[in-house]
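From first to last, the protein sequence lines stand for chains A and B. Position one of the first sequence corresponds to residue 1 (this note's numbering), numbered consecutively onward. Position one of the second sequence corresponds to residue 1 (this note's numbering), numbered consecutively onward.
Hints were generated in silico from the structure; no laboratory data involved. Some hints could be false.
As the list claims (entries may be wrong) - Here are some chain B residues pointing at chain A (derived, C-beta under 7 Å):
| # | residue |
| --- | --- |
| 1 | Gly-112 |
| 2 | Leu-122 |
| 3 | Ser-126 |
Claimed, not checked - Taking lysine-lysine pairs in the DSBU-like style, the calculated list, with each CA pair at most 30 Å apart, reads:
| # | chain 1 | residue 1 | chain 2 | residue 2 |
| --- | --- | --- | --- | --- |
| 4 | B | Lys-135 | B | Lys-251 |
| 5 | B | Lys-263 | A | Lys-237 |
| 6 | A | Lys-139 | A | Lys-178 |
| 7 | A | Lys-338 | B | Lys-370 |
| 8 | A | Lys-75 | B | Lys-317 |
| 9 | A | Lys-63 | B | Lys-364 |
| 10 | B | Lys-266 | B | Lys-47 |
| 11 | A | Lys-390 | A | Lys-184 |
| 12 | A | Lys-338 | A | Lys-373 |
| 13 | A | Lys-75 | B | Lys-54 |
| 14 | B | Lys-383 | A | Lys-426 |
| 15 | B | Lys-47 | A | Lys-390 |
| 16 | B | Lys-237 | A | Lys-19 |
| 17 | A | Lys-364 | B | Lys-53 |
| 18 | A | Lys-237 | B | Lys-414 |
| 19 | B | Lys-315 | B | Lys-251 |
| 20 | A | Lys-139 | A | Lys-266 |
| 21 | B | Lys-278 | B | Lys-414 |
| 22 | A | Lys-237 | A | Lys-370 |
| 23 | B | Lys-251 | A | Lys-364 |
| 24 | A | Lys-338 | A | Lys-266 |
| 25 | B | Lys-251 | A | Lys-263 |
| 26 | A | Lys-75 | A | Lys-54 |
| 27 | B | Lys-47 | A | Lys-380 |
| 28 | B | Lys-259 | B | Lys-298 |
| 29 | B | Lys-251 | A | Lys-237 |
| 30 | B | Lys-278 | B | Lys-317 |
Note that CB positions come from ideal geometry on N, CA and C, so glycine has one too.
Below are the chains, spelled out letter by letter.
Protein chains: 2
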Amino acid sequence: MTDFYIENFENIDESMYNKNAQVTGWIEDSRSIGSLIFLTLKNSTGKLQLIIKKNQVSEELWKQVDNITRQSIVKANGKLVHNEKNNIIELIIEELNILNEAVHPLPLDPTGRVDSGLDIILDSRSLSLRKPEIKSIFKLRNDSLMYIRDFFINNDFLEINTPKILSLGAEGGATLFKTEYFDKLGFLAQSPQLYKEQLMLAFEKVFEISHYFRAEKSNTTRHLNEFVSVDFEWAYKNNEQTMDLCEDLIKYTINNLIKNSFKELKNLDSDLSNYLNKFDRITYQNVIDDLNDLDHKKSFGEDITEHDLVVLSEKHKSFYFITDWPSEIKPFYIAGHKDSDLSMSFDLQFSNVELVSGGVRIHKVDELEKNMKKSGLDIKNFKSHLQTFKWGMPPHSGLGLGFDRLIMILANRKNIREVVLYPRDKDRLEP
Amino acid sequence: MTDFYIENFENIDESMYNKNAQVTGWIEDSRSIGSLIFLTLKNSTGKLQLIIKKNQVSEELWKQVDNITRQSIVKANGKLVHNEKNNIIELIIEELNILNEAVHPLPLDPTGRVDSGLDIILDSRSLSLRKPEIKSIFKLRNDSLMYIRDFFINNDFLEINTPKILSLGAEGGATLFKTEYFDKLGFLAQSPQLYKEQLMLAFEKVFEISHYFRAEKSNTTRHLNEFVSVDFEWAYKNNEQTMDLCEDLIKYTINNLIKNSFKELKNLDSDLSNYLNKFDRITYQNVIDDLNDLDHKKSFGEDITEHDLVVLSEKHKSFYFITDWPSEIKPFYIAGHKDSDLSMSFDLQFSNVELVSGGVRIHKVDELEKNMKKSGLDIKNFKSHLQTFKWGMPPHSGLGLGFDRLIMILANRKNIREVVLYPRDKDRLEP
Chain A
1 MTDFYIENFE NIDESMYNKN AQVTGWIEDS RSIGSLIFLT LKNSTGKLQL
51 IIKKNQVSEE LWKQVDNITR QSIVKANGKL VHNEKNNIIE LIIEELNILN
101 EAVHPLPLDP TGRVDSGLDI ILDSRSLSLR KPEIKSIFKL RNDSLMYIRD
151 FFINNDFLEI NTPKILSLGA EGGATLFKTE YFDKLGFLAQ SPQLYKEQLM
201 LAFEKVFEIS HYFRAEKSNT TRHLNEFVSV DFEWAYKNNE QTMDLCEDLI
251 KYTINNLIKN SFKELKNLDS DLSNYLNKFD RITYQNVIDD LNDLDHKKSF
301 GEDITEHDLV VLSEKHKSFY FITDWPSEIK PFYIAGHKDS DLSMSFDLQF
351 SNVELVSGGV RIHKVDELEK NMKKSGLDIK NFKSHLQTFK WGMPPHSGLG
401 LGFDRLIMIL ANRKNIREVV LYPRDKDRLE P
Chain B
1 MTDFYIENFE NIDESMYNKN AQVTGWIEDS RSIGSLIFLT LKNSTGKLQL
51 IIKKNQVSEE LWKQVDNITR QSIVKANGKL VHNEKNNIIE LIIEELNILN
101 EAVHPLPLDP TGRVDSGLDI ILDSRSLSLR KPEIKSIFKL RNDSLMYIRD
151 FFINNDFLEI NTPKILSLGA EGGATLFKTE YFDKLGFLAQ SPQLYKEQLM
201 LAFEKVFEIS HYFRAEKSNT TRHLNEFVSV DFEWAYKNNE QTMDLCEDLI
251 KYTINNLIKN SFKELKNLDS DLSNYLNKFD RITYQNVIDD LNDLDHKKSF
301 GEDITEHDLV VLSEKHKSFY FITDWPSEIK PFYIAGHKDS DLSMSFDLQF
351 SNVELVSGGV RIHKVDELEK NMKKSGLDIK NFKSHLQTFK WGMPPHSGLG
401 LGFDRLIMIL ANRKNIREVV LYPRDKDRLE P
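Isolated chain A, as found in the complex (with noise of 0.2 Å):
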């Protein structure tokens, strides 16, 4: 007779002892001692001490437990006890069954006392998840996109869900990949940008997180070639508007963070109190002339590398935006200033890591053919979207967020593909 099945190991208490319950889980250890068995039973909420005594179980039973591979499922029924000589909580186990028997030896070693290079978990990821840490990763990354939701959503932003494969892509073809669709060609989207522009006609706020491809050959700790992508938009706001939103969202993700998930924070070795300071905001041309003073020689107009971040770093540790590029190295949908050639755009950067790219955007059909064709790009390809632009186009800025490196951040992680699950490079297609 069993009272009741535990699911969350954390939520055993006073109420439960000296009941029967039925757990189940993975067989993490087992020590056999005379005429003791003890195993430590874990799942994903946490572990339990499971004890079998000779002489209360079958023989059968005893002799398959005395066997039982590390890792293999089981499911027992047993009575839950308060050790209170040790002060830990047991359950005495009454039935037991192996559901699944892991083989031995394992590809990694889940319990984390032996560690395993990058390329083995990604190999065995599933089984990789067992390791706390590991586990800490995806629990903070569950959280964090909860939380943006939410940040979302209190603010008034709909959610959308814009199409994956394009007849074309946002800013030229050179980095799409290809697909074959019908007797058509089609591409896999790098961005949602020009849907959620041509979705500020009817809606003033939208959101969306999902999915991107880029075929980029580049294979960097930071790289990859699908990853997801949380964007909005929003009209009638300028620059300033724009990033405060965004320092906004990244602060309420933080704060919740510290406030709700400090256990995985702790696992992860991550302090996000420092990056609660107000972000700073300097300009491209500061950043020209910084790089200057750290006698790194750089010209106005010249895009800023990898390597000029690293080298700025040493001034900007944390969060900050680039504002105010020069209009020629921002895609053809950044708005300018007047009598300038800078434009309306920012980066937010976290040290050298770019995270945020964001701008107003050219809301006349006009200055936007114009650009298009100074981009090189042929203007009759995108006459579905010019043409949403002649149907009262509100003025609207926004900005796309990588998300996978803001978790790689937030959880104190060196290389992106410890944050993705089953991340793809060129390498990589499998799992």
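Since the structure of chain A is already known, use the hints to place chain B on it.
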């Protein structure tokens, strides 16, 4: 001098009367009567009447406003007054800027006075969203997404993000879109099936809401080539528990819509209160018998077709489960009942629309390999998937729910394209 900006026209209250306000939006209607122009200003939250008095503005502004095209975007400042005679709120304009003019004529009438065909609506999607009824569909969709996520979060499910480019599909290659992946061949995911099963190794409850792709040529009112699916998987649960959770999920969503999204339901003429009864659960055998009773010949073992479901919908008009399908017509990963050729599976139907497919999965590697071979799959291609079943895989079950189809039902629409912003079918890769 402006005292405040009114974002939501439904939030206007007495405390704002006789103060200076700024508003933005599009001009829905314009009537000029002698020395007054009445403008109906709209945004996504509602509408507001603007009044321009000839003797209070410059001649230039008067002329501009008198000639404004409908659906153009304006920003206006003025005094907010309560017209007690007609009991309406009006803004007496002091300043007005035309931010972007709409062309005339537009491809469709956003006021809703003139109906448009579905193709015109989809070709002019962003403009169509200014129609209140169409806007309500996407508000309802946003709300449903929110409630579905709430449900999973409340039930301790972990949100996961699995890859959309795969080296192989879950159920063979016939209906997969192919993609160039550097020097390899990739496929677009049809479902997260194999990944969510692998993750059962470490998490007992996972869910994912994401885009999936199916290269089927069928051009029906219920099929799209890109769709959003709600998937969950949980460990140690049987078919009854999985159906219960499915039913709870849908009723949680419906109850919240009835309570919080009643305006949208009213706009869409959707009465959901009929769907709160217990969902019928009938077996595949019952369906065969019912069909034969209805003089519609059907033999055991045949798949249930669309036409069969139409015939059956005479008896089952709302949500109902069909359980215990022959194993032979279910995918390789579905577990069978002991001592029969029936599977522990279910579909959830809404009248003749298939909404959900789910069941208990095989968790023993030898059974899985046997079934793969029986289905004509090469187990070599599933090596990385199969190995996870050797690492201590718990029993598990789950389902996939066609989110767009659910919204089609909840929003009381006849064609799935109506509830998707930018639908993808064989003939539609744009906009």
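Cross-check of the supplied hints:
no., hint, result
1, Gly-112, "13 Å, violated"
2, Leu-122, "11 Å, violated"
3, Ser-126, "4 Å, holds"
4, B:Lys-135 / B:Lys-251, "23 Å, holds"
5, B:Lys-263 / A:Lys-237, "28 Å, holds"
6, A:Lys-139 / A:Lys-178, "33 Å, violated"
7, A:Lys-338 / B:Lys-370, "69 Å, violated"
8, A:Lys-75 / B:Lys-317, "41 Å, violated"
9, A:Lys-63 / B:Lys-364, "22 Å, holds"
10, B:Lys-266 / B:Lys-47, "18 Å, holds"
11, A:Lys-390 / A:Lys-184, "28 Å, holds"
12, A:Lys-338 / A:Lys-373, "20 Å, holds"
13, A:Lys-75 / B:Lys-54, "82 Å, violated"
14, B:Lys-383 / A:Lys-426, "20 Å, holds"
15, B:Lys-47 / A:Lys-390, "22 Å, holds"
16, B:Lys-237 / A:Lys-19, "23 Å, holds"
17, A:Lys-364 / B:Lys-53, "29 Å, holds"
18, A:Lys-237 / B:Lys-414, "37 Å, violated"
19, B:Lys-315 / B:Lys-251, "21 Å, holds"
20, A:Lys-139 / A:Lys-266, "12 Å, holds"
21, B:Lys-278 / B:Lys-414, "24 Å, holds"
22, A:Lys-237 / A:Lys-370, "23 Å, holds"
23, B:Lys-251 / A:Lys-364, "45 Å, violated"
24, A:Lys-338 / A:Lys-266, "48 Å, violated"
25, B:Lys-251 / A:Lys-263, "34 Å, violated"
26, A:Lys-75 / A:Lys-54, "18 Å, holds"
27, B:Lys-47 / A:Lys-380, "36 Å, violated"
28, B:Lys-259 / B:Lys-298, "42 Å, violated"
29, B:Lys-251 / A:Lys-237, "38 Å, violated"
30, B:Lys-278 / B:Lys-317, "13 Å, holds"
Hints 1, 2, 6, 7, 8, 13, 18, 23, 24, 25, 27, 28, 29, counting from the list given before, are not met by this structure.
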